[in-house]
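A.B. asks: Each chain is listed here by its residues.
4 protein chains.
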Amino acid sequence: MSTLSPDIQSTLAQQGIELPSWAFGNSGTRFRVWTTEGTPRDPREKIADAAQVNKFTGLAPSVALHIPWDKVDDYAALRSYAEDLGVKLGTINSNTFQDEDYKFGALTHENEAIRRKAIAHHLECIDIMDATGSRDLKIWLAEGSNYPGQTDMRARQDRLQDSLQQIYARLTGEQRIVLEYKFFEPSFYHTDVPDWGTSYVQVAALGEQAMVCLDTGHHAPGTNIEFIVMQLLRLGKLGSFDFNSRFYADDDLIVGAADPFQLFRILYEVIRGGGLNNPDVAFMLDQCHNIEAKIPGQIRSVLNVQEMTARALLLDHDALAAAQSANDVLGAQAVFMDAFYTDVRPALAEWRESRGLPADPMAAFAASGYQEKIESERVGGTQAGWGA
Amino acid sequence: MSTLSPDIQSTLAQQGIELPSWAFGNSGTRFRVWTTEGTPRDPREKIADAAQVNKFTGLAPSVALHIPWDKVDDYAALRSYAEDLGVKLGTINSNTFQDEDYKFGALTHENEAIRRKAIAHHLECIDIMDATGSRDLKIWLAEGSNYPGQTDMRARQDRLQDSLQQIYARLTGEQRIVLEYKFFEPSFYHTDVPDWGTSYVQVAALGEQAMVCLDTGHHAPGTNIEFIVMQLLRLGKLGSFDFNSRFYADDDLIVGAADPFQLFRILYEVIRGGGLNNPDVAFMLDQCHNIEAKIPGQIRSVLNVQEMTARALLLDHDALAAAQSANDVLGAQAVFMDAFYTDVRPALAEWRESRGLPADPMAAFAASGYQEKIESERVGGTQAGWGA
Amino acid sequence: MSTLSPDIQSTLAQQGIELPSWAFGNSGTRFRVWTTEGTPRDPREKIADAAQVNKFTGLAPSVALHIPWDKVDDYAALRSYAEDLGVKLGTINSNTFQDEDYKFGALTHENEAIRRKAIAHHLECIDIMDATGSRDLKIWLAEGSNYPGQTDMRARQDRLQDSLQQIYARLTGEQRIVLEYKFFEPSFYHTDVPDWGTSYVQVAALGEQAMVCLDTGHHAPGTNIEFIVMQLLRLGKLGSFDFNSRFYADDDLIVGAADPFQLFRILYEVIRGGGLNNPDVAFMLDQCHNIEAKIPGQIRSVLNVQEMTARALLLDHDALAAAQSANDVLGAQAVFMDAFYTDVRPALAEWRESRGLPADPMAAFAASGYQEKIESERVGGTQAGWGA
Amino acid sequence: MSTLSPDIQSTLAQQGIELPSWAFGNSGTRFRVWTTEGTPRDPREKIADAAQVNKFTGLAPSVALHIPWDKVDDYAALRSYAEDLGVKLGTINSNTFQDEDYKFGALTHENEAIRRKAIAHHLECIDIMDATGSRDLKIWLAEGSNYPGQTDMRARQDRLQDSLQQIYARLTGEQRIVLEYKFFEPSFYHTDVPDWGTSYVQVAALGEQAMVCLDTGHHAPGTNIEFIVMQLLRLGKLGSFDFNSRFYADDDLIVGAADPFQLFRILYEVIRGGGLNNPDVAFMLDQCHNIEAKIPGQIRSVLNVQEMTARALLLDHDALAAAQSANDVLGAQAVFMDAFYTDVRPALAEWRESRGLPADPMAAFAASGYQEKIESERVGGTQAGWGA
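Residue numbers (this note's numbering), protein chains in the order written: chain B, 1 to 388; chain D, 1 to 388; chain X, 1 to 388; chain W, 1 to 388.
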C-alpha cells in the first residue's frame, strides 16, 4: 500500500473543487431530458445537495451559480443559507444562449441594442457577485454561426473585445473574468471563442484580472490538453478548470471516467506548473448526470480528482528528471506510469478517517438516507433543469 | 453553360427526395430550441409545408412520418389529405429514445417487459404503414450507454437481433426495415448500432427485406462515406439515405452545406453502383433548421441534391475510365473535378421552366406569400417539435 | 496487495503474445529513421532478440516474420534456430506496398499481370508457412488511392475478393488468412480495406479459415474499439490482434502507453467474449520503437498486456452483472473501475518469481549484459529496417 | 460565363505563389518512397522544374529552398541561375529533424551543446538568406516526444523562446522568422509548437519581424481553419501560408483537392482580412507528389489557388453584408455559395491568353516536351528526396 507522506497529506488537505449548481438539476441531450425523483426545484435545494458532497468528502467547499437559472430575490440570504450548510457561493456563470434575442449572438451581436442587453446581463452578474462574495465571473461564449457566410467572424471578434472591455471595467479589485473556450456546440460552423488561443488573446487584451477557463471537454479530437495546461500556466493565464470527461464531443461525463490517464497527465502538469492549490487556478466541475444519480455522481467526481491528484503527487520527480536528462525514454515513462498505476485508494481511505471523514464517501452517502429523504420531500413543483 | 443531355434530363426527372415531417417543426440543441412564427402544430400542417417544397421543386413527392410525433386517429384520412396536396406518405420512423421506460434501452433492454413494449411499438408502426401505404420502417437505434461497464454490450446485440426478428416477421410482402447506424449521441460511451458493419450484420441476419440506412452525418471524423456507399451497393444492402451535412458531430445541417465535394463524391458512387433512381435506394433528408427558415431550408436542400446529381451525371465516364486504366492520377482527377466544377445552375433553371416549374424555386416560394399566410394563420396552439 | 487466485494464475500462465520480427529492426517516420547500436542485421539476429523477451517474461513464445524482409534460403534451418532459442516461428506477413509494380495496387490492381504477381507472392508466403509450421498468413492491405476519381473503388473490391479466393484455395487444413483493416496510410483518400466491416465481408465470403485481424491503431478518432472486439467475437471472426497504441494516427507506440484504460476495456471484452487463451484469437504486437530501446520496448509491451489482463481477470463479474441488471450506472462503473485501478504489479512480480522468472523483467534484462553484447558484436553490415 | 472585372483581373495579376523546391524531388510515406523518371538530382534541376510552373502559369515567381537539402557552394550563382530562368529564390526552410543529434530535440534540447548547434544551423540559414536575397526564414519545429513523461514540456517552451531570441537577433532589417505549427508528426505524444496559439505567443514575444506560418494540413480533425486565418490577420501575425490539403493527417495532397470549399472559405477570409496581395502574407505550397507527376502537380496546385481566389473575388460583398445584417441565414449562405459555385475557368482561360499565357497550362506543359526531355537527360546520379 502506498503511504501518503505528511507533505502530500497537507497538500491534499488544501484541495477544494467547486461544484456547479446545475449538476444537481436535470440535464440531457436534444433528444430527451430524463427526470429523477428528488431533483431540486430551486437554488436552495441545489445548494443543499451540493453541501452533501462536501459533507462526505471534505472536498467541495463552494458552489457555482448560473444566472438566470439560480436567480433569487435575496443573494445575501442565499449566501447565509449556504454558509450555514458549510459551503460558500462561488463562481457566477452568465448565460448568453437562451434569451430569444440571442439567437444570432449576444456579446458579439451586430445589433447594438442586443449587445448592450448582453453586456448589461454581465454587469448584473457582477452585482450578484458583490452580494454573494464571488470572485469569478465565468463567461462561456456559446455564440457562433451554423453556415459559412452567415456572419462576419472578424467583426464579431472586435465586438466581443469591446463588450468584454465594458464588462471588465465594472470589476472590483479582487474580481476576475474567466473566459471559456469551446470547440463547437451549440453552433456548428463557427464558434466565437473556439480555442485557447482565442480566449488567451481576448483576455490578454483586457488585463490582469481576466483569465482563461479550460473545460476538459471542449477540444478537437486528439488534442493534447495537458500541453495547453502547461502553456497557460507558463503564460500566467490559467484561471480555472471546468472538469468533466468525454469520448466524442462535449459529453460532460464524470471527470476521469473516459480517460483516467489523461486526467493524471493534466494534474501532473498542474503540479509541474505550480497550479495546485494556487488561488489563481480554480478547480470546478462542469458535468451532466443524464442517467446516473446526481449527488453520488458529484461525489464520485471529486474523489476522482482527489485520487488522481494523489497519484500525481506520488511521482518521483528526481527520478523522472534524471531519466529525462538521460533521454532514457523507457526509464522516464516507467517513473511516470509507476505513479499512475499506484493504487492510492486504501491510503486515502485511512487518511479520510483520520480527518473525521468516511473512508468510503459513496457508501456513507448511500447509507445516510439523504436521497430517500429528498425523494419523499421534494414532491410537486418544477424540477430544476437548464431552462428558466 | 453546360447543356443537359436528354438522358440526363430524363434521369433528373425521375429523382425524388423524401422530406422528414419533423424538419418543419422546431428543433435545436440541448441548450435551446428556438421557435419561429408559422411553425406547424400538427401533422397536417407539416404535410402542407412539405407539399410546398414539392410544388416549387417537383423534387419532393413524399413525406416521412415519425411515430409518436405524427400520431393521428385516422391515417387513411391523413393519406388522403397528403395526396390531395400532391404528396405521398413515406417512411415511418419509430422512436425508442423518449419514453421513460427506454432510459436504459428499448429493443436491447435487459428487462423483457420493456423490450416487449418496444417491439410492440414497432409492430404498431407497421400497422400504421399498412394504413399509410408506406413501404419502409426506419429504425434509428438511439440506444447505448454512457459509462464503460454500465451494460453488457454483447448481450444487447443478441437481444437486438431477437427484437428485430420479431419485428421483421410482421412485415408484409413489399415492406422493409431500414436500420440506421450512428457513431454516437445520445449515448456517449457505446451505441448499439454505431457503424455500417453492425447495421449490415444485423440486417443480413434478418433477410432480404432488411436493409441499411446511411445517414451522412453519422460517422467518425474523417470517414470516407462514399466508400461505404460503394460497399453497401455492392452488397445489395443500401436501403436508404438520410441526407444532411456536418462539420463536427451530427450537426444535421443542410445537405451539401458543409462539404459540397463530399456530396458530389457520394452521388458519383451512387450512380457508379446503380443506386440512382433505383427503387431499392430511398433518398431522404434528415435535417434540423435550428436557426434558418424551415420551408426554404428544405427547398435549398433538395435543390442541392439535384444540382450535385446533375454534376455527377455530367462526368465523362469514358474519359475517367481511360485515365484510371492508365494510372494517370492527375488526368483522372481532372475529369472528376471538371464535372464537380461545372456550373449546372443555369441549365437546371432552364430545364425547370420547360417543365412548368419556377426557374428559381427559392425566389418563387418567397414571392408566393405562403410563409406570411401561415404566420398569420397559425396562431395559438403548441408548435410541433421533437416532443410528444 | 491484490492476490491472484489459482484460476487467474493458471489463465495467465497460458498467455502468449507473438512478437513482430520487424520491431527489432529500425523504424521511423517519413522524416527520419533513427538507427541504434546493436540493431539486428538479419532474421536470425531479430529472432535472437525476440527470444530474449521470452526469456525474461515467459510471455512471448513466437515470432512473426515479414516477407520479403525476413526471407532466408532455408526456413527449416531458421525454424530450428528459433526453437533452439525457445521460440516458434509464427504468423507470416505479406507485403504489397514496396514493390515498384505495386505503386497503384497489388491484389486490387487493374493490371492482371501485376495482380497475378501479388497473388503469387502470397502463395509463396504459404509455401514458407508450410516450411516454418506457421498457421496464419496475415494480409495487411496497404492499397488504395490518394485522390478522388483516381481509381474505381468498386472494381477493386471485386478484384480483391477474387485475389483472396485464389490465395485461400491454396491454404492447407490448419492454415488461415487473417485480413487486417486500416483507416488510412499509406493511402490518403481511400484504402481498400479501411474498416472492420469491409474486412468482415471480404473474409466471410471466403470461408471458415479466413478471419479479421484487428490492429488497435487502425481506427478513426473516437472509435469504440472494444465494441468491435465484442462484435467480431460474437460473429466468430476475430482472428488476431495487432497490439500497439496511438494518440493521433497509426502511431505504433507501445501497447497501453497512450490509453491504458482502453486496453483494459479491450481485454475485458476479450474475456467476456471467450477470446482469451482461445487458439482462434492470436495476440500479436505490431509496434515501432522509433526512439526507445527495442528489446526493452518489447518487454514493456508484453508486460503491459499481461498486467492489464490480470486487472481484467480480477473484475468481479457477479457484482458487475448485478449492478448492470439493476441499471445502477454508478455501481456498475465502480465495479469496473475497481478492477482497473487495482495495482497487480506486486502480485505479478511474486508470481513470476514462483515460476522461475525475474520479478522485474525490465531490470533483469538491463542487468543481463545482452544489450552491451550485441552492441559490441553487431558491427558492420546493414541494419535491418523496413526495406529489403 | 462569369466575367472578370478589371479590378479582379488586376488583383489576379498580382498573385504569386511560392513553390517548394522539395516538391520536385521524391517523397513518400514511411512505407515507401516511389521514384519517377526525370526527378531532379540537385537544386538547379529543382529550380529549373519550378521555373516551368511559372512559365506556363505566371503564378509562381519564386522557389523556397530547404537547408541542408538545397545546400550549394555558391548561393549567388544559384540566385543568378534562378533569375535567368525568371524566378527568385524565396523562403529558406531550416531542418531540425534529421541530424543524429536532434533525435530528442534541437532548439528545445536540454543539452546546451546540441541546442547551440541547432541555433547555429539557423544562423547559417540567415547567412544563406543574405546571399539569396530571401526575406523569410521558415522554422517548422518537428520537435516533441512520443511518450507521456518522456520530457519536460514546460522547460522546452522556455528553451525554445531563448533559442528563437538568439536567432531573431541575427535578422537584418527586412528579414523575418515565420514559425510553423503542426498538430502531430513526427512526434506522437507532444509537439513543441502544436497549434496557432503556441506559435503566436512564441513569435509575439520576439517582436515585429516574427510571424506565424499556417500550414493548411496541420490541424486537428474538424478545425475551422478560416477562423484561424481571420484571427491571425486580426492580430497582424499571419506571416505565411503553406498550402496543401488533407483527408486524415498531414497528407500533403494537392491544395484544394480534398475540400475545395474549405479552400474557398480560407481565401474569402484572406480577402476579408486584407491578406491578399499583402506583402506581409506569403503564399506558399508545401506538398508531396508521392504518386502523381510532380511538375503538373505543382501547376494544378497554383491553378487551384488562382481559381478559388477568383471565385472568392467574385463574391458580392454588399449583398452578403446586407443578408448578414438582416440575419437572413439562407440569404447570406446563398450569396456565399453563389460565388463558390460560379465556374471561373473559362474566363480565366481567356484572361490568361490575353496575357500571353496558355489557356490551359496543364495541356500546354504536357505538349511542351519538357518532361520527356528531363527523363532522357537526367540519367544517373541520385534523385533528390528528403534526405541529404
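Hints listed in this document are in silico derivations from the structure and should not be mistaken for laboratory results. All C-beta atoms, glycine included, are put in the ideal place defined by N, C-alpha and C. Wrong hints could be hidden among the right ones.
Restraint-style ranges between C-beta atoms, simulated for each label pair [as the list claims (entries may be wrong)]:
1) S325/W / T3/D: 35 to 41 Å
2) A319/W / G274/D: 55 to 61 Å
3) R116/X / D42/W: 46 to 52 Å
4) S325/W / W34/X: 36 to 42 Å
5) G274/D / P6/W: 44 to 50 Å
6) D99/X / P346/W: 42 to 48 Å
7) D360/W / D42/D: 44 to 50 Å
8) A363/B / G236/D: 40 to 46 Å
Lysine to any residue pairs mimicking SDA-like chemistry, simulated, CA-CA at most 25 Å apart [claimed, not checked]:
9) K103/W / K103/X
10) K117/B / Q306/D
11) K103/X / S376/W
What the simulated footprint calls covered on chain D by chain B, stretch by stretch (three residues with Cβ under 8 Å from a Cβ of chain B suffice, anywhere in the stretch; the number is not a length) [to be verified]:
12) 18–32
13) 137–150
14) 156–166
15) 247–257
16) 283–294
17) 345–359
A.B. asks: If you test the structure against every hint from before, which numbers come out violated?
C.D. replies: Per hint list: 2, 3, 4, 7, 8, 9, 10, 14, 17 violated.
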